[in-house]
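Asks: Below are the chains, spelled out letter by letter.
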Amino acid sequence: MAEPILEVSGLVKHYPLTRGVLFKKQVGSVRAVDGVDFVLAAGETLGIVGESGCGKSTVARMLCHLERPTAGAIRFKGQDITQLSGKALKAVRRNIQMVFQDPYTSLNPRMTVGDIVQEPFEIHPEAAPKSDRRRRVQELLEVVGLNPEHVNRYPHQFSGGQRQRIGIARGLALRPEVIVADEPVSALDVSVQAQVVNLMERLQDEFGLSYVFIAHDLSIVRHISDRVAVMYLGRIVETGSDAGIYDHPTHPYTQALLSAVPVPDPAAREHRERIILTGDVPSPADIPSGCRFRTRCWKAQERCTREVPLLAVPERFRDAAGPVAHDSACHFAEERRVLPPDEPPGPHGLVTA
Amino acid sequence: MLLEVHDLHVEFGTRDGVAHAVNGVSYRVDAGETLAVLGESGSGKSVTAQAVMGILDTPPGRITGGRVLFQGRDLLRLKEEERRRVRGAEMAMIFQDSLSALNPVLTVGDQLGEMFTVHRGMSRRDARLRAVELMDRVRIPAAAQRVGDYPHQFSGGMRQRIMIAMALALEPALVIADEPTTALDVTVQAQVMDLLAELQREYRMGLVLITHDLGVVADVADRIAVMYAGRIVETAPVHDLYKAPAHPYTRGLLDSIPRLDLKGRELYAIQGMPPSLTRVPPGCAFHPRCPLARDVCRTDVPPLQAVQGPGAEEGERASACHFWRECLHG
Amino acid sequence: MPEQPQQPEGAIAGTGAGGAMDLAASEATALERGPGGYGGRGGQDKPRSLWSDAWRDLRRSPVFLASSVVILFLVVISVWPSLITSGNPLQCDLAKAQDGSQPGHPFGFDGQGCDVYTRTVYGARASVTVGVCATLGVALLGSVLGGLAGFFGGAWDGFLSRMTDIFFAIPVVLGGLVLLSVVTSNTVWPVIGFMVLLGWPQIARIARGSVITARQNDYVQAARSLGASPARILLRHIAPNAVAPVIVVATIALGTYIALEATLSYLGVGLKPPSVSWGIDISAASPYVRNAPHALLWPSGALAITVLAFIMLGDAVRDALDPKLR
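Taken in order, these protein sequences are the chains called A, B and C. Residue numbers for the first sequence follow the UniProt record's numbering, so the first one is 1 and each next one is one higher. Residue numbers for the second sequence follow the UniProt record's numbering, so the first one is 1 and each next one is one higher. Residue numbers for the third sequence follow the UniProt record's numbering, so the first one is 1 and each next one is one higher.
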């Protein structure tokens, strides 16, 4: 593995639940993120998947210092950034930038596109001399595939896909090394999603970026990621290479998640195995003891209520070679293929454009 | 024939002028059949459904032409009162956002029961019993205890089940589901979609499923109508459409799905973006983004014409492309 | 009933033009996606913003046009009353008391023999001054306090919220009777001060709410993740997006402050003679209403029209700034 650029260890975020108006009393806490570890290598894309409420967005916000962790460390090139403030923090911020989900709320409607993309330079005047900024902005717009002459337009004059490109241009302005993308395409039209995914891949090659790519669309995550982490109720339950997770899942939650994803192939309808989970995700304010997935798991046994399963390569796969040997937080991990084998390239392929 | 929409036109008055949201849409649904209407935002798929249901906001909306034949009656010619009797009892709708579609100040039991007291003249006590039955039917655990709960006390998936229960309460012949699972998580999505398909089979309802998700369509639909810029551009049985699309837009959508054998390569992406409905391009609305576009596409609107090809034996396939042959045979 | 159409949630003026998103149908989004046309990068439209859109709507609104004409006229005569009257409001002739209209004195005379026309014209000055100054003061104080509370939250926010509750609990007229009766000054300032004192919590609440809404937008998070200072975030990103509701409420409140000034003057605790104010005149004329109804009618009519004009203006501004409220 290449040099790690970001190391996250023991990351925790608890929000206190309080009661009372004047005299606030803590009556519990929402454990949004409850002990997350991962490593991001330089130039790599780590995909984080999970359902709403699993804490993946909170992780993203902590990486970008929009939220202070309750505990744990985030090391950027070896330096813990969670306790930084002032000048040191500002300097680190240049290196970790965020791309947001909603292209309608992530751009200030009162600012022109030029002002939005230029703002990073105003906040970090050392990044570009004043005389150079206008040119840099136009360059950035061009890089993300927008007409540089449109600097004086307002965000609402652009479509969702174009707005997302503006957001990406703003994120790129300070030449960061890490980009945290929180559901960057899920608000976009289907026909536009592919454009933005392609753009992000191209930029990664061009600028040597490392991505933390958070999404709930499993097929897009698979396409863009080198490694994938699956989150459930504030923890990573399984992590490994994309082939390991998608083709050799060993955690029951991952298996259920993958089997529930609709496959865009009607022929797969009949001979597909589907694991339909019962019930809903428990509240993060009231997390089950032991394994947090046990309340919905068909394999759960008495041991699961007692013992928290650790995220490690399960014993039975420890000597196995290949992608099946990856971290999985389950006492009874076993391999189960749930995705239909990908069919060979179909008759499509109208790639004349 | 359960429902036949014929040459429907809907306009909206906006600041930028008249938006032609629906430009001559025709489709039909049989009893027991699932028609998926596939399209992106602005394609007119939801507006069409609202016009069929009779819940289009007018103004700014305006139905400027066409017929909506439901069991032989033209709904657009009915009086509002007759229309209201059809709604709920004979055709029902399921919305995407169950939290705002349910009344927050009434218990779910009251809202479900209302269907029976209003349309069936039942007593409140009987209606309550039926409400519990229905909640059982959509597999809400401990229905008898939860019938007095308010919508916000249920999770998103459970609320969507209640929406389904409400839509099916009077056993309508037709259900229109507008992105019923889009707001839900993947694992819950699968539960709800399964339930909906099962109930549809049981009641032999016609189902119009409005969605943008190619995966959901492949899972449950019998036939597909693909919409773009207010028109239907292709319609076909589901298997044939996925196997061999006969419209470049459909083909582009299918090709842009990430696939394993394309990992590490560029995804196929349809160029440009969907048009603004206040200025739909002349000729074929898709021509500015189409790899097959030629001069004729810039001037002539292609009619939805029958397609001969795989799966077209029953004359069920149609494409609104001048060059559908080229597209079909790639 | 399942057939209820979806309601867009949380319609807030502050989110502005992006709010074109929730048109009647959820998918009508694309209708107002703005220019760009089908060609992608085309489109010749001028840049549009919330303000230019609002201005375009306002220019077409008959309510706005009518109320602005009235307000403009009021402002002009309160600055230069001599433009339309050559009389002196304090020059009265008891011999003419309660007389009806006569040449040169179209509105007749009041109980003191003063020319009602001249006094009505001069009365505008007090009303407009009080209304405008009180509104400015209230808007400034309220939006600063409320905005900071909304932005920083925490203890200051809790304290401020309790303060607004306390001020809301004070009955305005009773408060005026108590506080202003001890004042001896005969200028408009004590009245304005009183209004600011009691009026700021209303604006503070609105400002706090809209700042909190604006603060949650992703563009604020984006600015934070770039390392922007709180001042920059507040001034550049939040204030411009949160100011619209404050403007709307302030405009509507302006009308009520004018009415309040008249009320306080009527009760004898606002302006006092020899100041000229509609409230004073209404108060003075009410005992003789049977003999000289005109002396009551003209100042009351002027007051009603003025208050109405400001409230209508506020309504029109609200409609223009928040299309979703329609």
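Check each hint, because a few of them may be wrong.
Just a few of them, taken from the derived set where beta-carbon distance is under 8 Å, the chain A residues facing chain B [what the hints assert, rightly or not]: (1) L84; (2) M111; (3) T112; (4) S186; (5) P266; (6) D280.
List of simulated lysine to aspartate or glutamate pairs, EDC-like, C-alpha gap at most 20 Å [to be verified]: (7) K263(B) with D226(A); (8) K87(A) with D115(A); (9) K90(A) with E177(A); (10) K299(A) with E315(A); (11) K263(B) with E201(A); (12) K90(A) with D34(A); (13) K79(B) with D30(B); (14) K299(A) with E270(A); (15) K25(A) with D286(A); (16) K243(B) with E179(B); (17) K243(B) with E270(A); (18) K263(B) with D247(A); (19) K25(A) with D157(C); (20) K263(B) with E206(A); (21) K77(A) with E177(A); (22) K263(B) with E67(A); (23) K263(B) with D205(A); (24) K243(B) with E316(B); (25) K87(A) with E122(A); (26) K263(B) with E270(A); (27) K299(A) with D319(A); (28) K90(A) with E67(A); (29) K243(B) with D222(B); (30) K263(B) with D217(A).
Some but not every residue of chain C turned toward chain A, in silico, with C-beta under 10 Å [said to hold, decoys possible]: (31) W51; (32) G111; (33) Q112; (34) G113; (35) Q202; (36) R205; (37) Q216; (38) D218; (39) V220; (40) Q221.
The hints are simulated quantities; they were obtained by calculation from the structure and are not laboratory data. Where is the CB? At the ideal position from N, CA and C, for every residue including glycine.
Asks: Does each hint fit the structure? Answer for all of them.
Replies: Hints versus structure:
At about 35 Å, the closest approach between the beta carbon of L84(A) and any beta carbon in chain B exceeds 8 Å, and the interface hint on this residue is violated. Nearest Cβ of chain B to the Cβ of M111(A): about 22 Å, over the 8 Å cut. The hint is violated. Given hint, T112(A) at the interface with chain B, is violated; its Cβ is 20 Å from that chain's nearest Cβ, farther than 8 Å. Residue-level restraint check for S186(A) is violated (minimum Cβ-Cβ distance to chain B is 10 Å; threshold 8 Å).
Residue-level restraint check for P266(A) holds (minimum Cβ-Cβ distance to chain B is 4 Å; threshold 8 Å). For D280(A), the interface hint holds, the least distance from its beta-carbon to any beta-carbon of chain B being 4 Å, beneath 8 Å. For the hint linking K263(B) to D226(A), the alpha-carbon distance of about 10 Å falls within 20 Å, and the restraint holds. Distance check on the hinted pair: K87(A) and D115(A) sit about 24 Å apart at the alpha-carbon level, beyond 20 Å; violated.
For the hint linking K90(A) to E177(A), the alpha-carbon distance of about 15 Å falls within 20 Å, and the restraint holds. A C-alpha spacing of about 17 Å is found between K299(A) and E315(A), which places the hinted pair at or below 20 Å, so the restraint holds. For the hint linking K263(B) to E201(A), the alpha-carbon distance of about 11 Å falls within 20 Å, and the restraint holds. About 27 Å separates the Cα atoms of K90(A) and D34(A), which puts this hinted pair outside 20 Å; it is violated.
Proposed proximity of K79(B) and D30(B) is contradicted: the alpha carbons are some 25 Å apart, above 20 Å. At most 20 Å may separate the alpha-carbon atoms for a hinted pair to count; K299(A) and E270(A) exceed this at roughly 25 Å. This hinted pair checks out: K25(A) and D286(A) have alpha carbons roughly 18 Å apart, not beyond 20 Å. In summary, the hint linking K243(B) to E179(B) is not supported, as the alpha carbons are separated by about 24 Å, beyond the 20 Å threshold.
As the CA atoms of K243(B) and E270(A) are separated by approximately 16 Å, the hinted pair is consistent with the 20 Å bound. At most 20 Å may separate the alpha-carbon atoms for a hinted pair to count; K263(B) and D247(A) meet this at roughly 14 Å. Straight-line distance between C-alpha atoms of K25(A) and D157(C) comes to about 18 Å, which keeps the hinted pair within the 20 Å bound. At most 20 Å may separate the alpha-carbon atoms for a hinted pair to count; K263(B) and E206(A) meet this at roughly 18 Å.
Proximity of K77(A) to E177(A) is assessed by CA-CA distance (about 10 Å); at most 20 Å being required, the pair is judged to hold. For the proposed pair K263(B) and E67(A), the alpha carbon gap of about 34 Å is over 20 Å, so the pair is violated. In summary, the hint linking K263(B) to D205(A) is supported, as the alpha carbons are separated by about 15 Å, within the 20 Å threshold. Simply put, K243(B) and E316(B) have alpha-carbon atoms about 15 Å apart, close enough for the 20 Å limit, and the pair holds.
For the suggested pair K87(A) and E122(A), the alpha carbons sit about 15 Å apart, so the restraint of at most 20 Å is met. Pair hint K263(B) plus E270(A) does not hold up; C-alpha atoms about 26 Å apart against a cutoff of 20 Å. In summary, the hint linking K299(A) to D319(A) is not supported, as the alpha carbons are separated by about 24 Å, beyond the 20 Å threshold. Distance restraint check for K90(A) and E67(A): the Cα-Cα separation of roughly 15 Å lies within the 20 Å cut-off, and the hinted pair is therefore satisfied.
With a C-alpha separation of about 14 Å, the suggested pair K243(B) and D222(B) falls inside the 20 Å cut-off, and the hint holds. Using a Cα cut-off of 20 Å, the hinted pair K263(B) and D217(A) holds, with the two alpha carbons roughly 15 Å apart. Contact between W51(C) and chain A, as hinted, is supported at the beta carbon level, the nearest pair being about 9 Å apart and thus within 10 Å. This hint is violated: G111(C) has a C-beta 54 Å from the nearest C-beta of chain A, more than the 10 Å allowed.
The beta carbon of Q112(C) comes no nearer than 54 Å to any beta carbon in chain A, farther than 10 Å, and the hint placing it at the interface is violated. Annotation: interface hint on G113(C) violated; nearest CB of chain A at approximately 57 Å, more than 10 Å. Taking 10 Å as the C-beta contact cut-off toward chain A, the hint placing Q202(C) at the interface is violated, the least distance being around 21 Å. A least Cβ separation of about 16 Å between R205(C) and chain A goes past the 10 Å threshold, and the interface hint is therefore violated.
Checking Q216(C) against chain A by beta carbon gives a least distance of about 8 Å; that is within 10 Å, so the hint holds. A distance limit of 10 Å between C-beta atoms decides the matter here; for D218(C) the minimum to chain A is near 4 Å, and the interface restraint holds. At a threshold of 10 Å, the smallest CB-CB gap from V220(C) to chain A is about 8 Å, leaving the interface hint in force. Hint status for Q221(C) relative to chain A: holds, with the closest Cβ pair at about 5 Å, below 10 Å.
Going through the hint list in order, the structure does not satisfy hints 1, 2, 3, 4, 8, 12, 13, 14, 16, 22, 26, 27, 32, 33, 34, 35, 36.
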